[in-house]
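Enquirer: These are the residues of each chain, in order.
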Amino acid sequence: MQTMLKQHSGFRAAQPGRQVVKVRAVAAPLKTATSAPAKAPLVTPEVAKDLYYDMVLGREFEEMCAQMYYRGKMFGFVHLYSGQEAVSSGVIRLLRPDDHVVSTYRDHVHALSKGVSAREVMAELFGKKTGCCRGQGGSMHMFSAKHNVLGGYAFIGEGIPVGLGAAFQSKYRRDVLGEETSDSVTCSFFGDGTCNVGQFYESLNMAALYKLPHIFVVENNLWAIGMSHLRATSRTSGDETPYIYKKGPAFGMPGVLVDGMDVLKVRQVAQEAVERARRGEGPTLIEAETYRFRGHSLADPDELRSKEEKARYQARDPIPQLKKYMLEHGLATEAEIKALEDKVAEVVEDSVKFADESPKPERGQLLENVFADPRGFGISEDGRYRYQQPGFSSGTAIVS
Amino acid sequence: MLPGLLQQARKHGVLCRVPRLTAAIRGFASSQSEMTVRDALNSALDEELARDDKVYVLGEEVGEYQGAYKITRGLLQKYGADRVKDTPITEAGFTGIAVGSAFAGLKPVCEFMTWNFAMQAIDQIINSAAKTLYMSAGKISCPIVFRGPNGAAAGVAAQHSQCFAAWYSSVPGLKVLAPYDSEDARGLLKAAIRDPDPVVFLENEIMYGQAFPVNAQVLDKDFTLPIGKAKVMREGKHVTLVSFSKMVGYCLKAADHLSKEGVHCEVVNLRTIKPLDKDTLLASIKKTHKMVTVEEGWPQCGVGSEIAALMQELAFDELDAPVLRVTGAEVPMPYAANLEAAALPQVDDIIKAVKKVLG
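Heads up: the sequence lines are chains A and B, in that order.
Sequence positions in the first sequence follow this note's numbering and run 532 to 931.
Sequence positions in the second sequence follow this note's numbering and run 80 to 438.
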């Protein structure tokens, strides 16, 4: 017998007999005009400033990308993250260098938050040799071995099992290789559209089954190109809107809904999920309610989203929210905030200059890095390898 | 193979399906013994799991069921459930996990029950495993082996009988291997597991039960074969037969038959489909001036097509006749036994092709 529960946005009840899901920060459809009276701040000044800097960097970088794209410096498919910074900063700034991040094509800011330099990301977007993937990846395929960013995937849902693999590796190191301190976690970022892809469900199942230290972060911005989440996703029995976080408990992990426009709430929720994972208690599914201020990509005319909806979310812009919070709680002064913003402007300008002045990849780079093993290019009778032929490659193929 | 394992094998009803198993066990100790392809693969996996603890096996039924085709028999008992993982029926998911763990430093051996099922995971094989080293400009590699039976079995019909050699061999970033006998199976699987790149390892279900002689060198725990090098199984001067996997056996039979008529065929076992060993093929064509390729897969854009293109490009003046391709019929595999036989190359088809090319 189904009980028809009136589900308000963000409502989650501990229903009798159901697993209680710990929700700390809950989405509110409308921000109240007056803020709550100042309580003890949720973060230290250092953390607040770090989050602010990271969000402003993400925003300014993406806006600069739009400019550069329309000037022809960037090309192909470019998907901007403007508006969603609170999720990237809220989750990734918590992670350690040995934790992994996996993303989709909307990955510039995830890479930046994880520590890849703005110079390297911008150069990659310009298709230059000095990019983080030497111009071979592009906007949709940001990889960094140093910062453990495992991509950058064009096919939605494709990155999630890969993220699970990195989490599997962490668990394997502890259980099989005996590295007792191995407790790194992996966060996979993806959108609402991905939650209807088969690989998502396969991953939920296996993450829970194998108790992997993996955090599923759904950046629910309500739109998958022009397909509204409400048109694409069925609702749990009894609900009026589709909730992705409810799919977590169906597979045996906590599902958490959070206001993705509030970086501090995201951080709180992520902290708990990360600590759970490090303790070996398994995966968590976090649904962050967020919004992208620009279209799906720079080629998207973005005609289907209403002006009212956009205005509503613009009013909840995470960056002014955090600025207000910092000022109210004495975490930073106006001058300090301005200094951070100026620093970001400098970094972004510098990254453009760097990318502009960087050389394009040489032709010889075309055939490199197909195989890790240079012998993969074939063995010839005289024992030499094809890459040893003169003029084959002028790049940095390392001969062993 | 330990006696305990033999008991396990009996318990799981394996022996009734593998008549030569006892012979292989008894023969193990002598210097020239026989070994089935199944045991060759099993022993290769066993040795590589023992050698490097980053190597692990995952797939459907690899653990408690002892392997859908018993290739992983005994491994769960020996290495435990952390290193021999049974997965749910979730190809895209578990292939992705394997690929992601390889990016992060482990060395998975990902088994597909048959390569047909890998079509559910082909996104992960190609978009993640094959392309990532390139997309990351050499920084993130994928030392993974994808393995399983490929091609036609017996009466398993259209959705279980496809040969994927041509598809995977066209992708830059994958190495594609296809063993024929036990020596190939052992040497190539060990090389594949030790290789830093993603390897597609195409086995053959019919070959699993066939036994071949193996010497002490092949049985050595460090025996590997070079990837990218074909083997001349039989020398000849009149025509070159090029093939891989089960068809190599058919070529050898055809060569036997033809030698009685005074036609001597050189039989080349490709062993590696990608990268193709052009040099062995060119050396052979310079000797025989005629070539017939044999494969189970479909004709359009098959492995034979690539070889024919290469030979006419690189050795046009050496050719006395066009390169002929013997392939499977241009149909999804039928079920009826006689139709299935008609859809696949038989020894007679190879003989006919050789006679045609000889004019």
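Mixed in with the good hints, there may be bad ones.
[Stated by the list, open to error] Distance windows between CB atoms, simulated:
| hint | chain 1 | residue 1 | chain 2 | residue 2 | range |
| --- | --- | --- | --- | --- | --- |
| 1 | A | 761 | B | 421 | 53 to 63 Å |
| 2 | A | 809 | B | 379 | 30 to 40 Å |
| 3 | B | 251 | A | 713 | 28 to 38 Å |
| 4 | A | 864 | B | 198 | 31 to 41 Å |
| 5 | B | 237 | A | 766 | 32 to 42 Å |
| 6 | A | 897 | B | 235 | 38 to 48 Å |
| 7 | A | 711 | B | 157 | 22 to 32 Å |
| 8 | B | 249 | A | 887 | 50 to 60 Å |
| 9 | A | 897 | B | 361 | 17 to 27 Å |
| 10 | A | 834 | B | 379 | 37 to 47 Å |
| 11 | A | 831 | B | 251 | 25 to 35 Å |
| 12 | A | 756 | B | 237 | 33 to 43 Å |
The set of hints was computed from the structure by calculation and includes no laboratory data.
Idealized CB from N, CA, C, for every residue including glycine.
Enquirer: Which earlier hints turn out false for this structure, listed by number in ascending order?
Expert: Of the numbered hints, 2, 4, 8 do not hold.
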